[in-house]
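Asker: Residues per chain, in single letters:
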Amino acid sequence: MTNTLNFALVGSPNSGKTTLFNALTGMRAKTGNYPGVTVDRRVGGLVVGDKNIQITDLPGSYSLRAISEEEHITASYLRGELGDNNLSGVVFVADSTSLSRSLPFLLSILNLNIPTILVCTMIDECKARGGDIDFFKLKAELGIPVVGVVGNQGLGVTDLKQFFLEPQEWKTTSVPVLDSTEERFVWADKIINKVLRHPISESNLTRQIDRVLLHPVLGILVFAAFITVFFQSIFTWAAPAMDLFSEWVNQFANFCSAALPAGILTDLLCNGIIQGVGAVLVFVPQIAVLFTLIFFFEASGYMARAAFVIDRLMGWAGLEGRCFISLLSSYACAVPGIMATRAIPSPRDRLATILVAPFATCSARLPVYAILISAFVPNTTVWGPFTLQGFTLMGLYLLGGFSAILFAAIFKRGLLRGASLPFFLELPPYRFPSFKTIAAQVTDRLKVFVRDAGSIILIGSVVLWFLLSFPQHQHDGSLSDLQNRQHQIEQSYAADFGRALEPAFSPLGFDWKINIGIIGSFAARELMISTMAQVYAVHEDDGGFNGFAAVISKSDENGKRPISFASAMSLLVFFVYALLCLSTVAVVKRETNGWRWPIFMLGYMFAVAWVASFITYRLALA
Amino acid sequence: MPEHPKTLADLSEIVVAKVLTVLGDDPVAERLREMGFTPDTTVYFERQAPLGGPMIVSLRNYQLSLRPNEAKRVLIQGLSSL
Numbered sequence: 001m002t003n004t005l006n007f008a009l010v011g012s013p014n015s016g017k018t019t020l021f022n023a024l025t026g027m028r029a030k031t032g033n034y035p036g037v038t039v040d041r042r043v044g045g046l047v048v049g050d051k052n053i054q055i056t057d058l059p060g061s062y063s064l065r066a067i068s069e070e071e072h073i074t075a076s077y078l079r080g081e082l083g084d085n086n087l088s089g090v091v092f093v094a095d096s097t098s099l100s101r102s103l104p105f106l107l108s109i110l111n112l113n114i115p116t117i118l119v120c121t122m123i124d125e126c127k128a129r130g131g132d133i134d135f136f137k138l139k140a141e142l143g144i145p146v147v148g149v150v151g152n153q154g155l156g157v158t159d160l161k162q163f164f165l166e167p168q169e170w171k172t173t174s175v176p177v178l179d180s181t182e183e184r185f186v187w188a189d190k191i192i193n194k195v196l197r198h199p200i201s202e203s204n205l206t207r208q209i210d211r212v213l214l215h216p217v218l219g220i221l222v223f224a225a226f227i228t229v230f231f232q233s234i235f236t237w238a239a240p241a242m243d244l245f246s247e248w249v250n251q252f253a254n255f256c257s258a259a260l261p262a263g264i265l266t267d268l269l270c271n272g273i274i275q276g277v278g279a280v281l282v283f284v285p286q287i288a289v290l291f292t293l294i295f296f297f298e299a300s301g302y303m304a305r306a307a308f309v310i311d312r313l314m315g316w317a318g319l320e321g322r323c324f325i326s327l328l329s330s331y332a333c334a335v336p337g338i339m340a341t342r343a344i345p346s347p348r349d350r351l352a353t354i355l356v357a358p359f360a361t362c363s364a365r366l367p368v369y370a371i372l373i374s375a376f377v378p379n380t381t382v383w384g385p386f387t388l389q390g391f392t393l394m395g396l397y398l399l400g401g402f403s404a405i406l407f408a409a410i411f412k413r414g415l416l417r418g419a420s421l422p423f424f425l426e427l428p429p430y431r432f433p434s435f436k437t438i439a440a441q442v443t444d445r446l447k448v449f450v451r452d453a454g455s456i457i458l459i460g461s462v463v464l465w466f467l468l469s470f471p472q473h474q475h476d477g478s479l480s481d482l483q484n485r486q487h488q489i490e491q492s493y494a495a496d497f498g499r500a501l502e503p504a505f506s507p508l509g510f511d512w513k514i515n516i517g518i519i520g521s522f523a524a525r526e527l528m529i530s531t532m533a534q535v536y537a538v539h540e541d542d543g544g545f546n547g548f549a550a551v552i553s554k555s556d557e558n559g560k561r562p563i564s565f566a567s568a569m570s571l572l573v574f575f576v577y578a579l580l581c582l583s584t585v586a587v588v589k590r591e592t593n594g595w596r597w598p599i600f601m602l603g604y605m606f607a608v609a610w611v612a613s614f615i616t617y618r619l620a621l622a
Numbered sequence: 623m624p625e626h627p628k629t630l631a632d633l634s635e636i637v638v639a640k641v642l643t644v645l646g647d648d649p650v651a652e653r654l655r656e657m658g659f660t661p662d663t664t665v666y667f668e669r670q671a672p673l674g675g676p677m678i679v680s681l682r683n684y685q686l687s688l689r690p691n692e693a694k695r696v697l698i699q700g701l702s703s704l
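Chains V and R, in that order, are what the protein sequence lines are.
So in my numbering, spot 558 of the first sequence is number 558, and the numbers just go up one at a time.
Heads up, my numbering is the position in the second sequence plus 622, with the first residue counted as 1.
Don't read these hints as lab results, they were simulated from the structure.
Only a predicted model underlies this, so the values are computations on that prediction, with no experimental measurement involved.
The reader is advised that the hints may include incorrect statements.
Said to hold, decoys possible - Below 16 angstroms or equal to it, Euclidean Cα-Cα: the simulated EDC-like pairs (lysine to aspartate or glutamate) are:
| hint | chain 1 | residue 1 | chain 2 | residue 2 |
| --- | --- | --- | --- | --- |
| 1 | R | Lys640 | V | Asp189 |
| 2 | V | Lys139 | V | Asp159 |
| 3 | V | Lys51 | V | Glu166 |
| 4 | V | Lys194 | V | Glu141 |
| 5 | R | Lys640 | V | Glu182 |
| 6 | R | Lys694 | R | Asp632 |
| 7 | V | Lys190 | R | Asp662 |
| 8 | V | Lys161 | V | Asp40 |
| 9 | R | Lys694 | R | Asp648 |
Go ahead and model the full structure; you've got the sequences and the hints to work with.
Answerer: Laid out in structure tokens, this is it:
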């Protein structure tokens, strides 16, 4: 191997750039970050002849005059402002069915005097729609090599690879230097007139599908069905896998603690590290399922249409259609929801969506809601099959969704105010998605999550384990295991912390025991239940869930319950608003590339939670 | 020139039109040009969103959705419908 040549893939969104990238580099892409921004940097390699070729997949762009964060990266990269000045050439990717829109952008890159090759994608679709492009003439007009490919079938990719050996031949000097966009389009239209032997008709299939999917009435029903698929996928397909993962992790932890000598190291391994790894792995099924769906609908063409259908409603919150899918996903879990905000081009809209996504009622809150509701809300019938408990649960879900929209609107009018990006949404023709590309994209997401967010979650889990396990309580043989565990937790650092928090939390009706539960829930919301079960010494034989509900709602001899009704209502509202999720914090840190926004979120959501719980507590006492 | 020039926001009544010009020199106007709204480009009205708000137009062999706010920036002249 003599040396490495660096190429950059440039093209508009939907140009087939990602498919081509995968066809060129296989599945060996590495994902990193550009310094200071949240845009993913994807780099892959291949070998042609005796040369190492490195390819950077630059974010999809329509122009060098960037209006989004992603376009800004592409423009700065091409101008050599990102420190990579050893670019051997640009591979410009253009959808051959809409060449007249891409050529002006190509010209502005040629005018930068970087060696460039034009790759026309989807030539099969172009032919099927009657189009006939004279590639030889196009090459002659542009003075640069032109290659036609069908990325998902790998056609033309071998030819393209040979060109990588001689980028010095990609001359850029035979085109005019034009500054105005309109002049560039005049130039492009002239070329198209010369090289297009037969015009491309519109996609009949797309027209017919849209007649149904975007129909004024049917379109809304289809959209509703689309939402249903998303919900079903999380609760019906991902949930069993998540439960299975948790069970395996627990079994493995139990197996280790039985097999290894009892002691602090075993405890660290079983209850700290293994549970921490489990807390990361538990997200894998839903991220995989959710992103498979997202990328499937994106590649097939429906995602853009869903954003188009819902744009009006999102506009009321100051957001746009593409924010919807993130908020919807957050109803399952804020972690993939926040990861999905990458589809939003405007950094302000994206940040506003991230800031409010955790208000959506995620599935991890459900057990907490269910226990508190079954313990404190009377199961009276309101009307027909509808009970007060059911309405309370629905109310909490609605409160979360309503708050997300409300706070998005507040942020967009205040903190994130500013000239908003124009709303442009290209609607690609319906296409059959390439499953290989989807698999590569999903793998990419999972890798990024496990590597970047997983490490924070693991460290956080171990810290929380430490807080709950130290200082060590001397095992007292005269007490039962249950009482020993209760004593341990009562004298732990977490309990000290819980007591220290009492002045802040007692106006909400929380005592130090509830505070420990809140601290425990930070590692994972389901830990709230198990931590509180230890604090309140719930016996495992009490039957888990129902036992816990019974213990916390049972009155003692003075007629006093361990948790009062008002405190329970206050706690429910606290869970609607507070950011009690280490994993969400970790993922926001990764997606916003720093600690500033996750810390802001912890602060503002806690403030909102405090005020809302205070009001609830006062109302419930009255 | 008519007294009240039509814009892309009126396209639903006209169906087929050609672009006269894009008003302004700010990033929004520039982006509209870059998306292909240049003089003499033919634009077709495709549909309005089911809940209102944005519309879909087609030009240069592709479909684009945009909101009324941006559409108002593009001056058009109606062509006799096909």
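Asker: Can you confirm whether the C-alpha distance between lysine 139 of chain V and aspartate 159 of chain V stays at or below 16 angstroms?
Answerer: Status holds; Cα separation ~15 angstroms.
Asker: Assess, step by step, whether the Cα of lysine 640 of chain R is no farther than 16 angstroms from the Cα of glutamate 182 of chain V, and give holds or violated.
Answerer: 15 angstroms, holds
Asker: Taking 16 angstroms as the top limit, are the C-alpha atoms of lysine 694 of chain R and aspartate 632 of chain R close enough?
Answerer: 8 angstroms, holds
Asker: Could you grab the alpha-carbon distance between lysine 190 of chain V and aspartate 662 of chain R and see if it respects the 16 angstroms cut-off?
Answerer: 13 angstroms, holds
Asker: Lysine 694 of chain R and aspartate 648 of chain R: Cα distance at most 16 angstroms?
Answerer: 14 angstroms, holds
Asker: Given the hint that lysine 640 of chain R pairs with aspartate 189 of chain V, does the C-alpha gap stay at or below 16 angstroms?
Answerer: Holds - the C-alpha atoms of aspartate 189 of chain V and lysine 640 of chain R are around 15 angstroms apart, at most 16 angstroms.
Asker: Given the hint that lysine 51 of chain V pairs with glutamate 166 of chain V, test it: the Cα-Cα distance must not exceed 16 angstroms.
Answerer: Holds, at roughly 11 angstroms.
Asker: Regarding the pair lysine 194 of chain V and glutamate 141 of chain V, is the alpha-carbon distance no greater than 16 angstroms?
Answerer: 9 angstroms, holds
Asker: For the pair we were handed, lysine 161 of chain V and aspartate 40 of chain V, check the Cα-Cα distance against 16 angstroms.
Answerer: Distance ~25 angstroms between lysine 161 of chain V and aspartate 40 of chain V Cα, so the pair is violated.
Checked against the numbered hints given earlier, this structure breaks only hint 8.
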